[in-house]
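S.K.: Read off the chains here:
Number of protein chains: 2
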Amino acid sequence: MHYAKPLARLVGELEKLPGVGPKSAQRLAFHILRASEEEARMLSDSIIDVKTSISMCKICFNFTDQETCDICRDPKRDRSIICVVAEPRDLVAMEKTNEYHGLYHVLQGVISPMEGVGPDQLKIRELVGRLAQGEVREIILATNPTIEGDTTALYISRELRRDLPEAEIKISRIAHGMPVGGDLDYADQATLIQAMQWRREM
Amino acid sequence: MHYAKPLARLVGELEKLPGVGPKSAQRLAFHILRASEEEARMLSDSIIDVKTSISMCKICFNFTDQETCDICRDPKRDRSIICVVAEPRDLVAMEKTNEYHGLYHVLQGVISPMEGVGPDQLKIRELVGRLAQGEVREIILATNPTIEGDTTALYISRELRRDLPEAEIKISRIAHGMPVGGDLDYADQATLIQAMQWRREM
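Sequence order for the protein chains is A and B.
Here the first sequence stands for residues 1291 to 1492, numbered as in the working numbering.
Here the second sequence stands for residues 1291 to 1492, numbered as in the working numbering.
Think of the hints as simulated: they come from the structure by calculation, not from any bench.
Keep in mind that the hints are not guaranteed to be accurate.
Some chain A residues judged to face chain B by a derived CB distance under 7 Å, without partners named [claimed, not checked]: (1) 1297; (2) 1327; (3) 1337.
Please read all numbers here as calculations on a predicted model, not as lab measurements.
Cβ coordinates follow ideal geometry from the N, Cα and C atoms, glycine included.
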């Protein structure tokens, strides 16, 4: 091999990260070698720290370092509305618009027969539980405008109508103002705001 | 902020890495969060390990986890020829051609008035010291074909002629078969082999 063993090991570990090929792994490793001991330790520690201290919010399944997340604990948030997203990164994208002030529910995925993900693996039962408490007046289904995202939204809307037939909850879907097949995580803020404004009841 | 504190900290640390923007930092952090405890620990440990166990080879200034590097200790290497490169990554690029079987000398940079790097900050004195021992018959100056790389090569060839006037050492420069302004680190192997074969005495 061309590298000393500990260096080859670091390059190998970095290559496992998404979007990091052999070339970038080498560049990152050489950067770390050149960085100060303190900088390397800060990076190393933050990796361990994130694994030990971050868990899922008991209410909405967003990432948090406490029992419940900052958003669920925020008294200024509108508790009558829940925005349902697939992943924590979609929640981050939504928050960046600064246009939404309700609560969230992170499904932790979408229904995908291809990848063997059924409704039971998602946090749908927990969503029904939150809605059964009666405080919520509207849920916005903000899964991606893809086949899986649309299927998941449709599945959830049917489940809610069946499980909570008497509940007066408006169920809406973010408008498909976003390019179909795209990723919520990569949409620009203006498109996301449009999609929120044009939501339609289903 | 949109992230829990330990997560924001990890994203911040990852953003400091070269070529990692806010978006990739977020993707990497979410990947680490999703990875197993063991995988995260392996990455974290390898960062610390590389900092504590990797140092510079006492002879050629390549990275090594011992006193001297694998190449300097390899009895099969031709000790009569030294290839002079700017950075360890250039040595790796050269090794990947499988065409060069001599020793190396890593300058740890190039002369760059713009970045305040003068000849004294490079390992040029150490190179002269190696050549003064009399075993070496040729040195190949394989710095990048850039203004800084060319200047550094020219400076070294003059220094050697002055400091070792009696030494019968052939000083050659890799051919500029590579696109000028390019980076040795990114050249394909065929181009590098060509550049080695077309070296000219200076």
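S.K.: Which of the listed hints are broken here?
M.R.: none
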